[in-house]
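Asker: Here is what each chain is made of, one letter per residue.
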Amino acid sequence: MLDNGQKREKLVEVSDLKMHFPIYAGLFRKHVGDVKAVDGVSFDIFDGETLGLVGESGCGKSTCGRAVLRLYDITSGSVKIGGREIGATPQGDLRKMRPTMQMVFQDPQASLNPRMTVEGIIGEPLSEHTDLDRKGKLAKVHELMDAVGLNRAFSSRYPHEFSGGQRQRIGIARALALNPKFIVCDEPIAALDVSIQAQVVNLLEDLQKKLGLTYLFISHDLSMVRHIADRVAVMYLGKIVEVSPRDALYSDPLHPYTKALLSAVPEPDPDVTTDDRVILQGDVPSPSNPPKGCNFCTRCPAVMDICHENEPEFREVSPGRFVACHHHNETTN
Amino acid sequence: MPDGGPLVLDVQNLNTVFATRGGEVHAVNNVSFSLKKGELLGVVGESGSGKSVTMMSLIGLLPSPPAEVRNGKVMFDGRDLLQTDANTLRDIRGARIGFVFQDPMTSLNPVFTVGYQLREPLIRHMGMNKKAANARAVELLDLVGIPDAAQRLKDFPHQFSGGMRQRVMIAIALACDPEVLIADEPTTALDVTIQAQILELVKELRQKLGMAIIWITHDLGVIAGIADRVMVMYGGQVVEQAPVREIFKNPQHPYTKALLQTIPHVSGERSERLQVIEGQPPMLGAAPTACPFRDRCDVSHDRCERENPERVNTGAGHDVACFLAEKESMNA
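As you go down the protein sequences, you meet chains H and C in turn.
Using my numbering, you'd call the opening residue of the first sequence number 1 and step up by one each time.
Using my numbering, you'd call the opening residue of the second sequence number 1001 and step up by one each time.
The hints are simulated quantities; they were obtained by calculation from the structure and are not laboratory data.
Don't take each hint at face value.
Stated by the list, open to error - Quick partial rundown of chain C residues pointing at chain H, CB under 8 Å, derived from the structure:
hint, residue
1, Gln1197
2, Glu1204
3, Phe1248
To be verified - Subject to a maximum C-alpha distance of 20 Å in a straight line, what follows is the list of computed SDA-like cross-link-like pairs (lysine to any residue):
hint, chain 1, residue 1, chain 2, residue 2
4, H, Lys259, C, Leu1274
5, C, Lys1257, H, Glu267
6, H, Lys209, C, Val1276
7, H, Lys210, C, Leu1274
8, H, Lys259, C, Gln1275
9, C, Lys1203, H, Ser223
10, C, Lys1249, H, Lys209
11, C, Lys1203, H, Ala248
12, C, Lys1249, H, Ser251
13, C, Lys1203, H, Lys210
14, C, Lys1249, H, Val272
15, C, Lys1257, H, Lys210
16, H, Lys209, C, Gln1275
17, C, Lys1154, H, Ser223
18, C, Lys1203, H, Val272
19, C, Lys1203, H, Gly282
20, H, Lys209, C, Ser1271
21, H, Lys209, C, Arg1270
22, C, Lys1249, H, Ile279
23, C, Lys1203, C, Gln1159
24, C, Lys1203, H, Val194
25, H, Lys259, C, Glu1024
26, H, Lys259, C, Met1105
27, H, Lys259, C, Asp1295
28, H, Lys209, C, Leu1274
29, C, Lys1203, H, Lys209
30, H, Lys259, C, Cys1176
31, C, Lys1257, H, Ser223
32, C, Lys1203, H, Phe28
33, C, Lys1154, H, Val278
Ideal placement from N, C-alpha and C gives every residue a C-beta, glycine not left out.
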């Protein structure tokens, strides 16, 4: 699908995106610091591809996904979707652009209004952004329910009457209602059982093929990301440490964190030896007080002196492969 | 792998029913299994398959009502735990059977220090005084790899990270050197790198202390790495049970087979399309009269609609509840 010679168009361009949440303390609620949830992140997503965004909890991957869609007012940086800069657009103008960019949320229980019927939930974006009449809207809702594999007869039921997998399908149908080009999927399968996860992932893949969608697929499940993504970005403590095409990343991870992350995934095969496993020591530092130098220097098994001093540059080391690590810096090698 | 070792726990025909407003829910149906000394038994299944409820019923941790253990036997140290009175049971829980719960965020008491919570079982079960308990608590925190143990005893749970809290939970469960440790999805709430740390810790502790462990999880990868024997649950029943290599190399039950095919891998060949198990897990409204997996099974036939298959032995320590396996074993 990738690298077949033709120049592919960039649908999403993110450069130096920062999302800091201020911390206030004391009697006068003085501004004492920031939680640097996303701290200078750059990546592109090509038209029609799936970019997987992986990392541990608290690394800022969800915040990053939300910031890209401007669900937050970002601290600084630029986000271009389809060539239009939305980084600084006021929310009012943004509203008109929302139909092209949608989101599927993690928790299908919490992201569906329990007092609305399925018809109301899927139809809400239609009433907001189109001027379909009642009948037209219902027809479109039914069409969407067919597309995601929900029975039309259930359109007047409430979310609690559905199972987890079905609820996630409702969320996907709602995201599809306005024919978007770009969908951010924020851990869409994390709350589901293994046998149901596969159903939802297959659905997302089918829809992508049929409708030419572009996904930013956020997940902590590395094996599922390997399945669905064309390229993968690895995040650690607010920064992207590596972006590579999927096969390259899984067969030859460059960044020490990517290596550790991949070797920590337990393989469902009792014959796999675990002796050469990289076990990281310690926990992730707080994003309000990241270490000096490289963010990963406190846990890195291959740490050098320079890592405590200078922050490594995020650079392209071979075509399509970006990494932020002093080990892959020509000047030090 | 310990085979032929003495049984520490023997569960026979356990049934647990919840009375709800919508009627009865048969969460555990005729579950039988045993645990040998020093063995690690992995229990896998989807949510609602009855894995946690089974283990909670064993040691009387379910509130009754609404839960009711209908019949069955849980033999531990020559006595039936289901017939044991609450006081004796309380002496056994914590002291001889330890329990690690799924969510380390909510299972520690936020208003007591970690030290207090570690000392509690030691004072209650081992009759230690505070000073001795304190010394032992430091030892325990050291054992589970928490640096600066003596200092950290004075800290409250919120001052620990998720992985550290799970280590504390394990330390509490280990406090009185239990013969059996039941761990209910102990790493599900943790990140993969922290999970890897905890798994290494458990392997190490097992060698050091030699206790029997029941490890509940839905992650087949975790099971492959640590278990000696695996029990697969579906719809409140045990559908297959075998040594770990058997389960992964030679699964017999259609559900186990399908489950192993649905999970993608991080290495090896990448499949273009994921296998799915169509449909939903069964509702457990009544005592089962048919195979719980029949609606989602590729190879179900009319007998599956009429009868619930019993577990039959198909090889060394391998038993399966499926009519097809039954046939094969008869031919063999």
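Asker: With reference to the structure, classify each hint as holding or not holding.
Answerer: Structure-based check of each hint:
A least Cβ separation of about 6 Å between C/Gln1197 and chain H falls short of the 8 Å threshold, and the interface hint therefore holds. Interface restraint check: C/Glu1204 against chain H, minimum CB-CB distance 11 Å, threshold 8 Å, status violated. Interface hint status for C/Phe1248: upheld, as the beta-carbon distance to the closest one in chain H is roughly 5 Å, under 8 Å. Straight-line distance between C-alpha atoms of H/Lys259 and C/Leu1274 comes to about 25 Å, which puts the hinted pair past the 20 Å bound.
The straight-line distance between the Cα atoms of C/Lys1257 and H/Glu267 is roughly 16 Å, inside the 20 Å bound, and the hint therefore holds. Restraint check for H/Lys209 and C/Val1276: satisfied, since their Cα atoms lie roughly 18 Å apart, inside the 20 Å limit. For a cut-off of 20 Å, the pair hint linking H/Lys210 to C/Leu1274 stands: about 18 Å separates their Cα positions. Simply put, H/Lys259 and C/Gln1275 have alpha-carbon atoms about 28 Å apart, too far for the 20 Å limit, and the pair is violated.
Between C/Lys1203 and H/Ser223, the direct Cα distance comes to roughly 24 Å. Violation of the 20 Å bound is thereby established for this hinted pair. A distance of roughly 34 Å separates the Cα atoms of C/Lys1249 and H/Lys209; the hinted pair therefore is violated under the 20 Å criterion. Between C/Lys1203 and H/Ala248 the CA atoms are separated by roughly 32 Å; this puts the pair beyond 20 Å, and the hint is violated. With a C-alpha separation of about 24 Å, the suggested pair C/Lys1249 and H/Ser251 falls outside the 20 Å cut-off, and the hint is violated.
With a C-alpha separation of about 47 Å, the suggested pair C/Lys1203 and H/Lys210 falls outside the 20 Å cut-off, and the hint is violated. Among the hinted pairs, C/Lys1249 with H/Val272 is consistent with the structure: their alpha-carbon atoms are about 12 Å apart, no more than 20 Å. Annotation: proposed proximity of C/Lys1257 to H/Lys210 is violated, straight-line Cα distance about 30 Å (limit 20 Å). A C-alpha spacing of about 18 Å is found between H/Lys209 and C/Gln1275, which places the hinted pair at or below 20 Å, so the restraint holds.
Our distance criterion of 20 Å between C-alpha atoms is broken by C/Lys1154 and H/Ser223, whose separation comes to about 40 Å. The straight-line distance between the Cα atoms of C/Lys1203 and H/Val272 is roughly 16 Å, inside the 20 Å bound, and the hint therefore holds. Between C/Lys1203 and H/Gly282, the direct Cα distance comes to roughly 18 Å. Compliance with the 20 Å bound is thereby established for this hinted pair. Restraint check for H/Lys209 and C/Ser1271: the C-alpha separation of about 17 Å stays at or below 20 Å, so the hint holds.
Taking the CA atoms of H/Lys209 and C/Arg1270, the gap is about 19 Å. The hint holds against a cut of 20 Å. Distance hint between C/Lys1249 and H/Ile279 is unfulfilled; the C-alpha atoms sit about 27 Å from each other, more than 20 Å. For the suggested pair C/Lys1203 and C/Gln1159, the alpha carbons sit about 27 Å apart, so the restraint of at most 20 Å is broken. As the CA atoms of C/Lys1203 and H/Val194 are separated by approximately 25 Å, the hinted pair breaks the 20 Å bound.
For the proposed pair H/Lys259 and C/Glu1024, the alpha carbon gap of about 49 Å is over 20 Å, so the pair is violated. Only pairs whose Cα atoms come within 20 Å are accepted, and H/Lys259 paired with C/Met1105 is rejected, the gap being roughly 28 Å. About 41 Å separates the Cα atoms of H/Lys259 and C/Asp1295, which puts this hinted pair outside 20 Å; it is violated. A distance of roughly 15 Å separates the Cα atoms of H/Lys209 and C/Leu1274; the hinted pair therefore holds under the 20 Å criterion.
Of the pairs offered as hints, the one joining C/Lys1203 and H/Lys209 is violated, with about 45 Å between alpha carbons and a cut-off of 20 Å exceeded. Distance hint between H/Lys259 and C/Cys1176 is unfulfilled; the C-alpha atoms sit about 38 Å from each other, more than 20 Å. Between C/Lys1257 and H/Ser223 the CA atoms are separated by roughly 19 Å; this keeps the pair inside 20 Å, and the hint holds. Taking the CA atoms of C/Lys1203 and H/Phe28, the gap is near 51 Å; set against the 20 Å cutoff, the hint is violated.
In summary, the hint linking C/Lys1154 to H/Val278 is not supported, as the alpha carbons are separated by about 32 Å, beyond the 20 Å threshold.
In this structure, the hints that do not hold are numbers 2, 4, 8, 9, 10, 11, 12, 13, 15, 17, 22, 23, 24, 25, 26, 27, 29, 30, 32 and 33, in rising order.
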